[in-house]
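Residue numbers (the numbering used here), protein chains in the order written: chain A, 1 to 347; chain B, 1 to 279.
No wet-lab data here; the hints were simulated from the structure. A quick note: this is a predicted structure, and the numbers were derived from the prediction, not measured. A virtual CB, placed ideally from N, CA and C, is assigned to each residue, including glycine. Mixed in with the good hints there might be a few duds.
[Claimed, not checked] Taking CB as the label site, the calculated pair distances span: (1) B:PRO78 to A:ASN190: 24 to 34 Å; (2) A:GLU211 to B:ILE152: 33 to 43 Å; (3) B:ARG72 to A:ARG193: 33 to 43 Å; (4) A:ALA209 to B:ILE265: 21 to 31 Å.
[As the list claims (entries may be wrong)] Derived contacts from chain B toward chain A, CB cut-off under 7 Å, selection only: (5) ARG94; (6) VAL253; (7) PRO267.
One-letter residues, chain by chain:
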Amino acid sequence: MPAGLIHENYPSDERIFQTGFVKAWLAAFLLTCALLPLVASKYVLSTLIEVGIAVIACHGLNILTGFTGQISLGQAAFMGVGAYACSILIGKVGLPFIVALPLSGGIAALVGLVFGTPSLRLRGLYLAIATIAAQFIIQFTIRRWDTLTGGVQGMYVDPGAIGPLNFSNPVHLYYLTFVLAVAATLAAKNIVRSRSGRAFVAIRDRYLAAEVIGVNLFKYRLMSFAISSFFAGIAGALLAQYLQVITHESFSIRQSVDYLAMCIVGGLGHILGGIFGVGFWFILERILELITSTLNTAFPRHVTWFVSIREVVFGLVIILFLIFEPDGLAARWRTIRSYWKLWPFSY
Amino acid sequence: MGSIYALVALGFVLIYKSTSILNLAQGEFLMVGAYICLSLTLDLKLNFLASFAVTMVFSVILGLLVERLVLRPLIGEPIISIIMVTIGLTYILRGAVIMVWGNDIRQFNIFPETPIDLWGVKITYLYLWSMGISLTLLSFFAVFFKYARTGIFMRAVADHQTAAQSMGISVKRVFALSWCIAAVVSAIGGILIGNIAGVGVELSYIGLKVLPAVIFGGLDSILGAIIGGLVVGLLEFLSAGYLDPYIPAINEVFPFIVLVLVLMIRPYGLFGIEEIERV
Numbered sequence: 001m002p003a004g005l006i007h008e009n010y011p012s013d014e015r016i017f018q019t020g021f022v023k024a025w026l027a028a029f030l031l032t033c034a035l036l037p038l039v040a041s042k043y044v045l046s047t048l049i050e051v052g053i054a055v056i057a058c059h060g061l062n063i064l065t066g067f068t069g070q071i072s073l074g075q076a077a078f079m080g081v082g083a084y085a086c087s088i089l090i091g092k093v094g095l096p097f098i099v100a101l102p103l104s105g106g107i108a109a110l111v112g113l114v115f116g117t118p119s120l121r122l123r124g125l126y127l128a129i130a131t132i133a134a135q136f137i138i139q140f141t142i143r144r145w146d147t148l149t150g151g152v153q154g155m156y157v158d159p160g161a162i163g164p165l166n167f168s169n170p171v172h173l174y175y176l177t178f179v180l181a182v183a184a185t186l187a188a189k190n191i192v193r194s195r196s197g198r199a200f201v202a203i204r205d206r207y208l209a210a211e212v213i214g215v216n217l218f219k220y221r222l223m224s225f226a227i228s229s230f231f232a233g234i235a236g237a238l239l240a241q242y243l244q245v246i247t248h249e250s251f252s253i254r255q256s257v258d259y260l261a262m263c264i265v266g267g268l269g270h271i272l273g274g275i276f277g278v279g280f281w282f283i284l285e286r287i288l289e290l291i292t293s294t295l296n297t298a299f300p301r302h303v304t305w306f307v308s309i310r311e312v313v314f315g316l317v318i319i320l321f322l323i324f325e326p327d328g329l330a331a332r333w334r335t336i337r338s339y340w341k342l343w344p345f346s347y
Numbered sequence: 001m002g003s004i005y006a007l008v009a010l011g012f013v014l015i016y017k018s019t020s021i022l023n024l025a026q027g028e029f030l031m032v033g034a035y036i037c038l039s040l041t042l043d044l045k046l047n048f049l050a051s052f053a054v055t056m057v058f059s060v061i062l063g064l065l066v067e068r069l070v071l072r073p074l075i076g077e078p079i080i081s082i083i084m085v086t087i088g089l090t091y092i093l094r095g096a097v098i099m100v101w102g103n104d105i106r107q108f109n110i111f112p113e114t115p116i117d118l119w120g121v122k123i124t125y126l127y128l129w130s131m132g133i134s135l136t137l138l139s140f141f142a143v144f145f146k147y148a149r150t151g152i153f154m155r156a157v158a159d160h161q162t163a164a165q166s167m168g169i170s171v172k173r174v175f176a177l178s179w180c181i182a183a184v185v186s187a188i189g190g191i192l193i194g195n196i197a198g199v200g201v202e203l204s205y206i207g208l209k210v211l212p213a214v215i216f217g218g219l220d221s222i223l224g225a226i227i228g229g230l231v232v233g234l235l236e237f238l239s240a241g242y243l244d245p246y247i248p249a250i251n252e253v254f255p256f257i258v259l260v261l262v263l264m265i266r267p268y269g270l271f272g273i274e275e276i277e278r279v
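Isolated chain A, as found in the complex (with noise of 0.2 Å):
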C-alpha cells in the first residue's frame, strides 16, 4: 500500500483505482491505447484486435477457473457458440449487429449452463473432464449441422455495423474490440468485489464451508458459468467479425487450453492476471512467428524442425510458470512492486 494512504472506512479500502497516480496512468495508458491506430500498422493493429479479444474470453474464463475453481477447458466451444449464434443473427435472421452482439453472447450463457449442471455434483479432474466432453459435443454440432453453420466449410461472416461504424474496417473493429475489452475488465473487476464474487471465492477456496454458511453452491456455480460463458459468447463474436470466415477449427481444444494457459500464466484469480497472460502469450507468439520464420528462410532444407517449435516453447511455458511460479505473472508485478514501492530503504 503507497505510504499516506490511510483508509478510514470499506467503501475507501474497496475502491479499485486506489490514488490518483494510479489514474493518471490508466488514463495514460488508454490515451495511448485509442491513439494507436493513428501510427500503428496494420499488422499490428490485427494483433491487438486479437489480444482485445483474448482478453475478453480469459476475463470470463478466470472468474469461473480463478475465482471459482471450476477448471474449464471448453471456454472455445462457448467461443463459437457465440461467434456462430452471431453471425447467424446478422446473416440469416437479420437483426442488427447491436442486438446480435448481446443476444450471442446470451445464447452462449445459455449453452454454458446447460454444460455447466454437471458441477452440480462434480468438481476439479471430474468437471474438467466434464467440460472435454462439452468442447468435443459443441465442435461436433459445428461441424455437422450444415444447414445451420456451413459444416466444415465454415460460414461466412456478415461484416456488422452500429451507425458510422462498420467492422469490416480494422480501425473500427479495434475500437469495438478496446472499447468492449475495457467495459469487460470493469465488469469483471466488479462482480469480483460484489456478494456474487466473494461467494464465488468462498466456493472456490472451501466450498463445504461455503455451503455450511448459507452459499448456494448450484446457483452460484452456474452462474460462474453463465457469466464465464457470456463473456465467452461476446470475444467470440468479436472473433467471427475478425477472422471473416469462421470454421469450427476455431474453436477447438487446442484454443480452450490456450486460453486456460493465458490464465494461469497471467495469474489464476487476479483481474490483472488476466490482460498479463494474454499480453505475455500474444508477444511470445510473435517472437516465435519471427524465429521460425527466420530459421525456415536460413535453413529451407529443415523445415520439419521448425514447424513445431511454438508447441514446444509454449508446452514449455506452461509447465515451467507451474513449476516456478504457479500464481502468474501478477503475483510477480505485485512482489516487483512492493519491491520497489520502499526502495531502496526496504525496512
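Given the structure of chain A, go ahead and fit chain B onto it with the hints provided.
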C-alpha cells in the same frame, strides 16, 4: 479396438490409482512409443521384437523423466496445476514428435494381412494379437495389484499417502514406478494401434478418446478400465452402425455424450470408489 482402449485406459488408471493424477498426456506417450518402434523397425531395419524391447526401455526412461522433472515439483499443488502440466506435456511431446518425424502417417507392415476364419468370423492376425496382448497385460496387472508386494504398495499409496509412508513404503518410488508402468503400457498400446491404423500425430487423440472409457469404468478401478474400454469401443462401433443414418459420424462424439451422462449419474464410474466428503 475395445481391448486396446482398455489397455490405454489401464495406463490412465495405473497413474490415477497410485498418484491421483489424471495424465492427459497418455495419448502422447502412446504416440511416442509407436513412433520409436516404427522408426527402429523401418528405418534401422531392426527385428520387430528387438525394437519392441528398445521401445519399452525408452518408455521406462520417459516415464521416469516425466515423473521426476515435471510431476514431482507439483506434489501438493491444486488440481488445476496438475491437469495443466500434463497438457503442457502433451504440447512438448507432440512438438518433439513432429520435429523428429514430421507430419506424415506411416504404416507398419509386420503382421500378415490375410484374415483367418475363426468360428465364422473373419479376423486378421493383427487384431488377434492385439486382443491377446491386451488381455494378457490386463489380467497380469489385475493379479499384480491383488497379490504382488509392489502392487499392494501402490494401492496403499493410492489410499493414503502419509499412512503408506509411515508404514515404510517409499512413496516417491511408487510414483516413479507407476509412471514407468503407465508409459510402458501406453507404448504397447501405441504400437498395437499403430499397426492397425498407421502411425501419425493423430494417434495422440486416442488419449482423449479413452477418457470416456476411464470415467465409465471408474478412475481407480482396473476391472473398470477393462470393461469401460470394451464398452466404449463397442458403443463407438454400434453408434456408427445404428445412429449414423440419422446423425452422420455420430460415433466421433457418442462416447463423449455417454461420458457426460455417466458423470451426471455416477461420477465415480461403474466400479470406482465413491468419495465421501466430510468436513
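Against the structure, the hints:
1. B:PRO78 to A:ASN190: 24 to 34 Å: holds (26 Å)
2. A:GLU211 to B:ILE152: 33 to 43 Å: holds (37 Å)
3. B:ARG72 to A:ARG193: 33 to 43 Å: The hint (33 to 43 Å, Cβ to Cβ) holds, given that B:ARG72 and A:ARG193 are roughly 37 Å apart.
4. A:ALA209 to B:ILE265: 21 to 31 Å: At 27 Å between Cβs, range holds.
5. ARG94: holds (6 Å)
6. VAL253: holds (4 Å)
7. PRO267: holds (5 Å)
Checked against the numbered hints given earlier, this structure breaks none of them.
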